[in-house]
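Participant: The listed protein sequences correspond, in order, to chains A, B, C and D.
Per this note's numbering, the very first residue in the first sequence carries number 8; after that it's consecutive.
Per this note's numbering, the very first residue in the second sequence carries number 8; after that it's consecutive.
Per this note's numbering, the very first residue in the third sequence carries number 8; after that it's consecutive.
Per this note's numbering, the very first residue in the fourth sequence carries number 8; after that it's consecutive.
What the hints contain is simulated information worked out from the structure, not anything from laboratory work.
Mixed in with the good hints there might be a few duds.
Repeated chains share a single entry, so a pair holds when one copy, or any two copies, can fit it.
[As the list claims (entries may be wrong)] Straight-line C-alpha distance at most 27 Å; calculated DSS-like pairs for lysine-lysine:
no.	residue 1	residue 2
1	11	100
2	100	113
3	11	23
4	23	98
5	113	11
6	113	98
7	23	100
8	108	23
9	108	11
One-letter residues, chain by chain:
Number of protein chains: 4
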Amino acid sequence: MGIKMQRDELQVFLEKEFPQVSGDFTVEDVSEDGVRVRMHVSERNLRPGGTVSGPSIFALGDVAVYLAILANIGPEALAVTTNASVDFMHKPKANTDLIGKVRLLKLGRVLAVGDVLIYSDGMDAPVARASMTYSIPPKRA
Amino acid sequence: MGIKMQRDELQVFLEKEFPQVSGDFTVEDVSEDGVRVRMHVSERNLRPGGTVSGPSIFALGDVAVYLAILANIGPEALAVTTNASVDFMHKPKANTDLIGKVRLLKLGRVLAVGDVLIYSDGMDAPVARASMTYSIPPKRA
Amino acid sequence: MGIKMQRDELQVFLEKEFPQVSGDFTVEDVSEDGVRVRMHVSERNLRPGGTVSGPSIFALGDVAVYLAILANIGPEALAVTTNASVDFMHKPKANTDLIGKVRLLKLGRVLAVGDVLIYSDGMDAPVARASMTYSIPPKRA
Amino acid sequence: MGIKMQRDELQVFLEKEFPQVSGDFTVEDVSEDGVRVRMHVSERNLRPGGTVSGPSIFALGDVAVYLAILANIGPEALAVTTNASVDFMHKPKANTDLIGKVRLLKLGRVLAVGDVLIYSDGMDAPVARASMTYSIPPKRA
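Looking at chain A on its own, in the form it has when it is part of the complex:
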């Protein structure tokens, strides 16, 4: 297919279109197979004991797959999440950034599917696995 948005373009798009999460995520790598995204973990992402919250892990999975889709279709489309499935497998390391590594598995006319392994930065075993389906609205003629 060919990448339609590079790392810096995705980062700018994210900050412009989603100011509510501005500063939370850094796009670290983009390739045809997927993207790698860092979540900068801060106080509001934490739960007692310093662990990263479930909704924060979900948010990283969601945004990372979304960016992998945009990298392949460009910024014009407004994809929306229709389904998410998450396995929480290990407790995240306290006060540590999360890294999401996406595989884009399907990029259809109507639906796109990706999955993502989420790691505490510097750890080998993933803390979570998520798969996400996005509905891609029809192109305006």
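Chain A is already provided as a structure; the job is to place chains B, C and D on it using the hints.
Facilitator: Below, chains B, C and D alone, put in the same frame as chain A:
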């Protein structure tokens, strides 16, 4: 089984144990079959156009099923989410609280399962459906 | 919306279009909210100890939600499953039919979502819960 | 960890313990990261047009992750599926075997998680993705 924690006890527990989300959720109803929880939607839950974010919907589903479990086993246990599956079905109403209605489907020795329909307050059709599995740690002797 | 296919019409449709599963399923009830479908459990659905296999439980969930969609849109469409999430909660009763009770949660232009509780006939607690998403192909002009 | 059951041992175990599916599956490869399993597609796995049925795809995902767990813990345990999430992404090729490639993501004391990409033999794009959670019963003392 019999309810082990009433509405006010769940509310106090939530605010004490999870100060990070204090004020976000109100326990509205508790019965043997489940609970009803309100999410007070505020600026940080929103996305462009005033819609409520996916991670916020996830957060409501997660906390609502957790509270339904606690209502039945009491405050001593530290249940952790192991799996979540979410269908996002309709766009939430702008700037409107969300209501989560939980059915507790299984309360086993090791695993508990509940599902939750999530509504924009005042709307008939659910905006999302989620099912959540929690691992219940063994009792300390 | 109004029901477009009644119980007998769904049964005839199922047997004609899916001869491979003919005789496996009986449509027991149809209403605007959903359908109830019985799976006639036979030797090939069983695993050691007489328990009903996971793929059989999946098959019942899949066909039951499919029939609930057809009941509402009529026989002309060819919906395909795009996502399924299943929680296996209790061991099914040995050598006993399964009953699936569907709630149709969304019937959109492109996607339909339903969930189903699956019971061993005569038991109170569900053995499994499943949610299914179907993609509905565009109408031929 | 080290592999506790090699390819031939898994094959023999499968045929002995699950005579109902004997001949349906061949274990093709086993390594510390996962397994590759072939489903021999036959008439009863098919739907109109020769496509492989959803329950058959589910069955392959389920058995493949199960075998990946057994490869790592040995034949003594009786793991049961507690959760499955499946994305159906492309129509399988008609009358063609399916290949499941498992990644074992977590092998805990109580729960094991794996995911599997499922291919029509000889095709590049996966037809489905599944993640499976198994509950591992405590060892008998």
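Participant: Quick one: residue 108 to residue 23, C-alpha cut-off 27 Å, is that within a copy, between copies, both, or neither?
Facilitator: within (23 Å within a copy, 35 Å between copies)
Participant: Should residue 108 paired with residue 11 be assigned to within, between, both, or neither, using CA atoms and 27 Å as the limit?
Facilitator: within (19 Å within a copy, 30 Å between copies)
Participant: Can you tell me if residue 113 and residue 98 fall within 27 Å by alpha carbon in one copy, between copies, both or neither?
Facilitator: between (29 Å within a copy, 12 Å between copies)
Participant: My question is about residue 11 and residue 100: at a cut-off of 27 Å on alpha-carbon distance, are they close within one copy, between copies, both, or neither?
Facilitator: neither (34 Å within a copy, 30 Å between copies)
Participant: Please work out whether the CA atoms of residue 23 and residue 98 approach to 27 Å or closer within one copy, between two copies, in both situations, or in neither?
Facilitator: For residue 23 and residue 98, the Cα distance is within 27 Å only across copies (21 Å; inside one copy 32 Å).
Participant: What label fits residue 23 with residue 100 when the C-alpha limit is 27 Å: within, between, both, or neither?
Facilitator: between (30 Å within a copy, 23 Å between copies)
Participant: Pop the pair residue 11 and residue 23 into one bin, within, between, both or neither, using alpha-carbon distances up to 27 Å.
Facilitator: This pair counts as within: shortest intra-copy Cα distance 18 Å, inter-copy 46 Å.
Participant: At 27 Å max between alpha carbons, let me know whether residue 100 reaches residue 113 within a copy, between copies, both or neither.
Facilitator: Cα proximity of residue 100 and residue 113: across copies only (16 Å, versus 31 Å in one copy).
Participant: Check residue 113 against residue 11 for me: Cα-Cα at most 27 Å, and say if that holds within a copy, between copies, both or neither.
Facilitator: within (16 Å within a copy, 33 Å between copies)
In summary, the one numbered hint that this structure violates is 1.
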